[in-house]
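Q: Here the protein sequences come in this chain order: S and G.
Using this note's numbering, read the first sequence as starting at 25 and increasing by one per residue.
Using this note's numbering, read the second sequence as starting at 657 and increasing by one per residue.
Treat the hints as calculated values from the structure; they're not laboratory data.
C-beta: ideal position from N, C-alpha, C; glycine also.
Mixed in with the good hints there might be a few duds.
[Unchecked claim] Reference excerpt, derived from the structure (chain G facing chain S, CB under 10 Å, subset only): (1) Leu-690; (2) Glu-693; (3) Leu-697; (4) Val-698; (5) Ala-705; (6) Pro-710; (7) Val-737; (8) Arg-739; (9) Tyr-740; (10) Asp-742; (11) Phe-743; (12) Pro-748; (13) Lys-751; (14) Ser-752; (15) Leu-756; (16) Leu-757.
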Amino acid sequence: MKTQLKYLIPFVIFLMLIGFFLKGLNLDPREVPSPLINKPAPMFEQPLLNDASKTFSSNSMLGQVWLLNVWASWCTACRDEHPLLMAMSQQIDVPIVGIDYKDTNPEALDVLSKLGNPYSAVATDVEGRVGIDYGVYGVPETYLIDKEGVIRYKQIGPITVAALQEKIIPMIKGLK
Amino acid sequence: MKRLLALFLLLLSLALNAESIASDPLVEARLKSLSQELRCLVCQNQTLADSTAPLAEDLRREIRELIAKGMTDEEITNYLVARYGDFVRYRPPFKSQTALLWLGPTVMLIIGFVVLWVTLRRRNKTLPNDYEVADEI
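Using the sequences provided together with the hints, build the complete structure.
A: Here it is as structure tokens:
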């Protein structure tokens with residue numbers, strides 16, 4: 025009986041390996057946890073997309089819960105996300121601020137005029153410096169920022185309906 | 657002739673000025689050694705030094721500027737870790753979350769030696785006692 029159990033050991037180790045591999049297959053290597061969660065959102069003041077003579081300051085959002093969506097006209101995943109942002113702008117009662125990341129203004133304005141504008145304001149980040157401060161490495165990325173200006177949640181890649189219903193909306197309700 | 661020379665000198669000084677940040681060999685050397693230790697987050701198995709992704713170019717520009725500001729290599733690494741997390745480093749730091757990663761191989765080696773020792777001792781015991789005698793004949 026004892027020797028029989030001994031022959032089971034390699035099999036058990038094999039099953040454990042399979043378990044690790046299965047877990048590894050289902051992890052998304054592109055989802056790198058952000059060190060900025062629960063840290064103050066980096067302050068920025070950037071020109072507005074529709075009027076470069078005026079600026080948008082992240083400080084102006086202090087006191088309210090808001091979403092910061094980093095997007096660009098050249099980003100195809102942002103197009104996929106766009107209808108959901110449109111729906112969110114009508115159904116969720118928080119301002120969505122856009123950052124037009126490494127883009128040209130005419131192209132970005134063109135996208136918004138054709139597909140609709142879900143943003144309460146869009147700031148431009150032509151050189152990608154705000155992006156670096158926020159640890160952006162793949163647009164679209166969305167940050168949920170609370171009344172004190174602390175980042176509470178980061179969505180890497182397009183917002184999904186599941187993420188919206190299970191994470192973002194409950195968190196917004198909790199933060200308000 | 658003098659005018660031509662003046663124009664030439666003006667152009668030369670402009671060219672030198674424009675290149676001064678990009679081609680300071682000390683800055684470039686530090687940028688190179690630093691960016692070989694840092695991961696490009698867009699193409700995750702490339703270093704910042706190798707990657708041609710736009711983000712990698714931006715980050716190299718950022719590092720260049722930080723070097724010019726007089727920050728140390730450690731400060732620059734911390735600057736990037738604060739934004740992108742430990743994943744940006746090719747050598748993960750030793751902390752409670754990474755203890756298994758760093759100590760795992762050593763622990764496995766020790767387990768291996770223990771198993772080897774136990775197996776050899778058992779084999780010694782199970783060898784027939786007349787084995788050596790038989791060998792001497």
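Q: List in ascending order the numbers of the hints, as given earlier, that are violated by the structure.
A: Structure breaks hints 1, 2, 5, 12, 13, 14, 15, 16.
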